[in-house]
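Which chain is which? The protein sequence lines are A and B, in order.
Sequential numbering of the first sequence, starting at 1317, is according to my numbering.
Sequential numbering of the second sequence, starting at 55, is according to my numbering.
Hint data in this document are derived by calculation from the structure and do not stem from the laboratory.
No residue lacks a Cβ here, since even glycine has one placed at the ideal position from N, Cα and C.
There could be a bad hint or two in this list.
What the hints assert, rightly or not - Partial pick of chain B residues on the chain A-facing surface, computed with a CB cut under 10 Å:
{"no.": "1", "residue": "His145"}
{"no.": "2", "residue": "Cys146"}
{"no.": "3", "residue": "Gly147"}
{"no.": "4", "residue": "Arg152"}
{"no.": "5", "residue": "Ala276"}
{"no.": "6", "residue": "Gln283"}
{"no.": "7", "residue": "Ile285"}
{"no.": "8", "residue": "Glu294"}
{"no.": "9", "residue": "Asn295"}
Unchecked claim - Over the 10 Å line for every Cβ pair with chain A, so calculated as not near, a few chain B residues:
{"no.": "10", "residue": "Val62"}
{"no.": "11", "residue": "Arg113"}
{"no.": "12", "residue": "Asp164"}
{"no.": "13", "residue": "His167"}
{"no.": "14", "residue": "Tyr187"}
{"no.": "15", "residue": "Gln218"}
{"no.": "16", "residue": "Leu319"}
{"no.": "17", "residue": "Gln328"}
To be verified - Only part of the chain B face toward chain A is listed, based on derived beta-carbon distances under 10 Å:
{"no.": "18", "residue": "Gln74"}
{"no.": "19", "residue": "Val149"}
{"no.": "20", "residue": "Val151"}
{"no.": "21", "residue": "Asp275"}
{"no.": "22", "residue": "Ile279"}
{"no.": "23", "residue": "Phe281"}
{"no.": "24", "residue": "Phe286"}
{"no.": "25", "residue": "Gln288"}
{"no.": "26", "residue": "Ile291"}
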Amino acid sequence: MLRFHDYVLSDSCYKVRLLLGLLGLDHVRQPVDYYPGREHLQPRFRTLSPLGEMPVLEDDGLVLWGAEAVLCHLANAHDRSGRWLPREAEAFGPVMMWLAFAAGKLQALSKARETALFGAEGDLNAMRRQGRAALRVLEDHLTDRGLAGGTWIVGETATIADIAAFPAVALSHDCGIGLEDYPALDLWQRRVRSLPGFVSMAGIPDYF
Amino acid sequence: MTATEDRVALDQWYALGAMQDFRAGEEAVTRLLGEDVRIRCSTGGDIAVTAGTRKLPIRTDYGHLWTSLGSPARPVFDLPESREPDRRAVHCGPVRVRASGLRLIENFLDLAHFPYVHSDILGTEERPEVARYEVEQRRDVDELWATKCEFFQPKAAAAAAGGQISKYMYRVVTPFNVMLYKTAPTASDRWDVIALFVQPLEPALSIAHPFMLVIDDTSTDAELIGFQQMIFLQDKIVLENQRPLLLPLQPGRETPTRADLSSVLYRRWLKEKQWRFGVEEPTAIA
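If we strip away everything but chain A, and leave its shape as in the complex, we get (with noise of 0.2 Å):
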């Protein structure tokens, strides 16, 4: 059974959740105290996971921590489809590499978050500049892909890529920045709102 230690106001658990519910996996949910009763650096949860790091995934005596890499992992071992993280050459790169922005640069949004929700620690606007920059990096990726007439990220079903990125996108208002300035992202959100299995999370606007 899959054990899945979540934070309710998490976007990087939020992505996991995101997958589960699309895959409609089975699991049991662990709540863990992130805020405030930093539950993720003691002892004990550090076990699972060494720097704190959320969310964590048992499965079948694996233990996997941060976003990325439950996602790779649920969708290697537990989509019978394939198309969650599609194998072949032209594809696989590609959603490595959204992979990798959405746990790198577009990170900034989720560190604002955290800012401007909980007051943790950092320069918020400099954060929310950053972020907007990433933003502006998919915006007119997602542009391009329209112009070709893809939707998705990467090919032409929505794979991993698009739900590692969606957490930051449509959780943005949380930072104080709307969608007004990216259309793209805001037609591919809805998009991703009406896949079959979409779980939402507190602070999603629904009435886009």
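Got chain A sorted already, so can you dock chain B onto it with the hints?
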């Protein structure tokens, strides 16, 4: 933003956070009513709160640090449930909201949004009706009460197994501090207490300090906190998109319905107090 001149707002107690958040030997700077407020916690654990060179009064009721920029006429309100030994005190963690604190309190008092904002948790769109409830201004203690509130809830609390008709009471003790009493899912003859203490940083920027005194020996802290945080974040996005961000008290700016009785009373109470912080400036055209 500079300090407010709203005397009534200045002469109140405000929560600055849970005591456990202020660690020995550390210093924190926060805002209150448009002013910087410094909290120093000595290595011995003594706490001092200052604004500029002024030392502010402090209280530590209900596991929270309270202060005032003025001279409160009364102590921090009484919360008798805090003395019941079998209740769990749960601090849900402060959350920042870009809206007037008065909007936060008003949203907290509202039942009608449950089916739409907290769909399939605190309400369901199939049963959106707000039954008649009673409101009362208790002048002897200067509190507002809403009683006999009932609502069908698919998942009323972290420990709720299925749908139930939840009974509610609301108690507003100051314009920025409110409690709700709600049928406890595991003890039907008692009330869970969910408090919302709002720290107004600026007129349209607030920190919510949600706090619970619950009867629940099954849920973990992570479950209880996670449930409240999820509910609160669903409210936050609505609060931040309400316009105006400040609460209008002028007649005709917003139109209440019968379900908004508690909001009508709350706004009337604020007007009676000549409260101004977090209130929309009146305009010539209503």
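Going through the hints against the structure:
| no. | hint | verdict |
| --- | --- | --- |
| 1 | His145 | holds, 6 Å |
| 2 | Cys146 | holds, 7 Å |
| 3 | Gly147 | holds, 3 Å |
| 4 | Arg152 | holds, 7 Å |
| 5 | Ala276 | holds, 4 Å |
| 6 | Gln283 | holds, 5 Å |
| 7 | Ile285 | holds, 8 Å |
| 8 | Glu294 | holds, 7 Å |
| 9 | Asn295 | holds, 8 Å |
| 10 | Val62 | holds, 27 Å |
| 11 | Arg113 | holds, 21 Å |
| 12 | Asp164 | holds, 17 Å |
| 13 | His167 | holds, 13 Å |
| 14 | Tyr187 | holds, 26 Å |
| 15 | Gln218 | holds, 22 Å |
| 16 | Leu319 | holds, 29 Å |
| 17 | Gln328 | holds, 31 Å |
| 18 | Gln74 | holds, 8 Å |
| 19 | Val149 | holds, 6 Å |
| 20 | Val151 | holds, 9 Å |
| 21 | Asp275 | holds, 5 Å |
| 22 | Ile279 | holds, 6 Å |
| 23 | Phe281 | holds, 8 Å |
| 24 | Phe286 | holds, 8 Å |
| 25 | Gln288 | holds, 5 Å |
| 26 | Ile291 | holds, 6 Å |
Going down the numbered hints, you'll see the structure goes against none, and every one checks out.
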